[in-house]
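Order-wise, the sequence lines are chains A and B. Per this note's numbering, the very first residue in the first sequence carries number 1; after that it's consecutive. Per this note's numbering, the very first residue in the second sequence carries number 1001; after that it's consecutive.
Do not take every clue at face value.
When the alpha-carbon atoms are kept at most 20 Å apart in a straight line, the in silico SDA-like pairs for lysine to any residue are as follows [stated by the list, open to error]:
1) B:Lys-1052 - B:Ala-1267
2) B:Lys-1108 - A:Ala-25
3) B:Lys-1108 - A:Leu-23
Sample of chain A residues at the chain B side, in silico, Cβ under 10 Å [said to hold, decoys possible]:
4) Phe-60
5) Tyr-63
6) Leu-106
7) Arg-109
8) Ala-174
From the derived model, a few chain B residues whose C-beta atoms are all more than 10 Å from chain A [stated by the list, open to error]:
9) Gly-1022
10) Leu-1023
11) Gly-1057
12) Asn-1063
13) Phe-1065
14) Ile-1086
15) Ile-1093
16) Glu-1143
17) Gln-1193
18) Ala-1196
19) Leu-1213
20) Ser-1279
Don't read these hints as lab results, they were simulated from the structure. Yeah, the Cβ is synthetic: ideal placement off N, Cα and C, and Gly gets one too.
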Amino acid sequence: MFSKHDHWHERLFDMLNYIFLVLFALATVLPFVYIIAGSFATEAELAERSFFLIPRDISFSAYEYIFSSATLFRSMGISVYITIVGTITNLFFTLTMAYALSRKDLMGRNVVMNMVIFSMLFSGGMIPGYLVVKELGLVNTYAAVILPGAISAFNLIVIRNFFQNLPAGLEESARIDGCNDIGVLWRIVIPLSMPIIATFGLFYAVGHWNNFFSSLLYLNDHNKWPLQVMLREIVMLSQLAIGDLNNVDPEFVEPPDQSVKMAVIIVGTIPILLVYPFLQKHFAKGALLGSIKG
Amino acid sequence: MNAVWIAKLKKDRFLYLLLLPGLLYFLVFKYAPMWGVLISFQNFQPFLGFWKSEWIGFTHFENFFAHPDFFRLLRNTLILGFYDLIFFFPAPIIIALLLNEIRLAFFKRWIQTLIYVPHFISMVIVASMTYVFLTTQDGLVNEIIYSLTGNKINFLSDPDWFRPMIILQIMWKETGWGTIIFLAALASVDVEQYEAAIVDGASRFQRLIHITLPAISSVIVILLILRLGNFLDTGFEQIFLMTNSLNRTVADVFDTYVYFVGITQGAFSYSTAIGLFKSLVGIVLIYGSNWLAKRFGQEGIY
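Turn these sequences into a full structure, and let the hints guide you.
See the structure below:
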């Protein structure tokens, strides 16, 4: 831990540094642990102990309650649907355009590139964007949540730069073998770029799972709400009547409000924590790719 | 069109086919709304549509600048921006420098693994957790405050607590993630420089000042400039989620105001004018900060 040549004050600094960083990491993690613990706690325990990380009596009533009706299942299903369809849409739009723009012989390439860059500097803003979606008749459809964000200009540029740096020889030989441009993209470029595609696919997917605002803006029908909008409704606006007490046994003790809220938060967080190891493997690369000039 | 062009188009027809979906996307979802900002010079009526609505010039802009809300929004946005710059901006730099002093590789890796997590958690979850912790009804923080002082603090609706709450939330969520770029810059410092400094008898503090800080100073300057360019971009979702009728006076910023006036109250033209004003100031800030970057000998971002 320490090197032999250090002065005492340097050792002291090291000690304090380790302690500080551990405290910082705990401040990041403990809120999650407390919320997991609270979601399994009983009314009595929540009232009696203000802070605990392991509940004395484990109760599943909060989870039984929130899953006793179809509401939360439906929202989760919608979130999964938006995430899968949305990510495929993102990758289709981003990869095709990135490949076309990566080809230096494409006539009009610079015009389109400047169009993309300008869209990063200036946007029409929320209201004109909303009116376009409305005019297209997409309000209250999942397309309204997926299509307006189909391409992130930033991701597009990073992927285009990556494609440009692939060895040209492979593409050439595929073309000589009779592949057209679509074939080259599908059979050569995409297989060679799987790591970067996985990275951006994950980023897009997390974005869809976490997306809240465009769902709130475009999905007026409560039955179409994804999990994030439902979460806000339950936790922040205290609309707690999501369970159906007819579906639980008669002796069921209604869980405390706080536990219900905590259980819903955990349900929204778990999927992210499950993919976190994959994210971690890819994101540092992605974040640093981002710092390459476009 | 001459024959050479046609031949080129024909040769690259599949390439243009690949370009088409993306191009349409940008035209429909990026450029049509840019054209749509023109409704800020109209008295836009949805049932009349864009072509038949009445043109009224700069009336909406004049009304907005004369409205007392304009000054309130500007003030709220600027104050949040300054708090962000003073408290949040340095945080990842400090954590990265501290992590850089850690010699136990596995310890460093573990801390990194833990502090990156909140970046991927949605703002709704972060706001929900804030609510669960800070509510006066059985919230953990207020339970502790109550047992110590006998009082409760209404963090969620007290205007005085709004700004500290926003800054603390964003620090909790993004400080860890923000260290990545600095750690990458620190990793590229030549180890021989440190070894030479040790031989010369430089203390750890001297090494920090003369080797480590200069190594990341250009990254700091670039990020600072980017931040200045986006000074008016307060986190929309975050502020929207934490706003309620009791803290509106300090919570409203340009972005959320556009939503409340435009979507909730249906004043499309007026709110578009506000959004356009903000976008134009944003462009000036981006070009201004980019110019500054070049003056400081940096490469510039655009």
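Quick rundown of the hints versus the structure:
Under the criterion of a C-alpha separation no larger than 20 Å, the hint pairing Lys-1052 of chain B with Ala-1267 of chain B is consistent with the structure, at around 17 Å. About 11 Å separates the Cα atoms of Lys-1108 of chain B and Ala-25 of chain A, which keeps this hinted pair within 20 Å; it holds. Only pairs whose Cα atoms come within 20 Å are accepted, and Lys-1108 of chain B paired with Leu-23 of chain A is accepted, the gap being roughly 13 Å. For Phe-60 of chain A, the shortest C-beta to C-beta distance to chain B is roughly 19 Å, which exceeds 10 Å, and the interface hint is violated.
Of the supplied interface hints, the one on Tyr-63 of chain A is violated, with its beta-carbon coming no nearer than about 16 Å to a beta-carbon of chain B, more than 10 Å. Interface hint at Leu-106 of chain A: satisfied, since its Cβ lies 6 Å from the closest Cβ of chain B, which is below the 10 Å cut-off. For Arg-109 of chain A, the interface hint holds, since its Cβ comes within 10 Å of a Cβ in chain B; the closest pair sits about 9 Å apart. A cut of 10 Å between beta carbons decides the hint on Ala-174 of chain A: the least distance to chain B is about 13 Å, and the hint is violated.
Residue placement check: Gly-1022 of chain B does not keep its beta carbon more than 10 Å from all beta carbons of chain A (closest about 3 Å). Non-interface status of Leu-1023 of chain B relative to chain A is broken: a Cβ of that chain comes within 10 Å, the nearest being about 6 Å off. For Gly-1057 of chain B, the requirement that its beta carbon stay farther than 10 Å from each beta carbon of chain A is met, with the minimum near 18 Å. At the 10 Å boundary, the C-beta of Asn-1063 of chain B stays outside the reach of chain A, the nearest C-beta of that chain being 16 Å off.
Phe-1065 of chain B, annotated as away from the interface, keeps every beta carbon of chain A farther than 10 Å; the closest lies near 18 Å. Non-interface status of Ile-1086 of chain B relative to chain A is upheld: no Cβ of that chain comes within 10 Å, the nearest being about 19 Å off. For Ile-1093 of chain B, the condition that its CB be more than 10 Å from all CB atoms of chain A holds, with the nearest at approximately 14 Å. Under the 10 Å C-beta cut-off, the non-interface status given to Glu-1143 of chain B relative to chain A is violated; the minimum distance is some 4 Å.
For Gln-1193 of chain B, the condition that its CB be more than 10 Å from all CB atoms of chain A holds, with the nearest at approximately 18 Å. At the 10 Å boundary, the C-beta of Ala-1196 of chain B stays outside the reach of chain A, the nearest C-beta of that chain being 16 Å off. Distance check for Leu-1213 of chain B against chain A: the nearest CB is about 16 Å away, which clears 10 Å, and the non-interface claim stands. Listed as a non-interface residue, Ser-1279 of chain B fails to keep its Cβ farther than 10 Å from every Cβ of chain A; the least gap is roughly 6 Å.
Hint compliance for this structure: hints 4, 5, 8, 9, 10, 16 and 20 are broken, all remaining hints hold.
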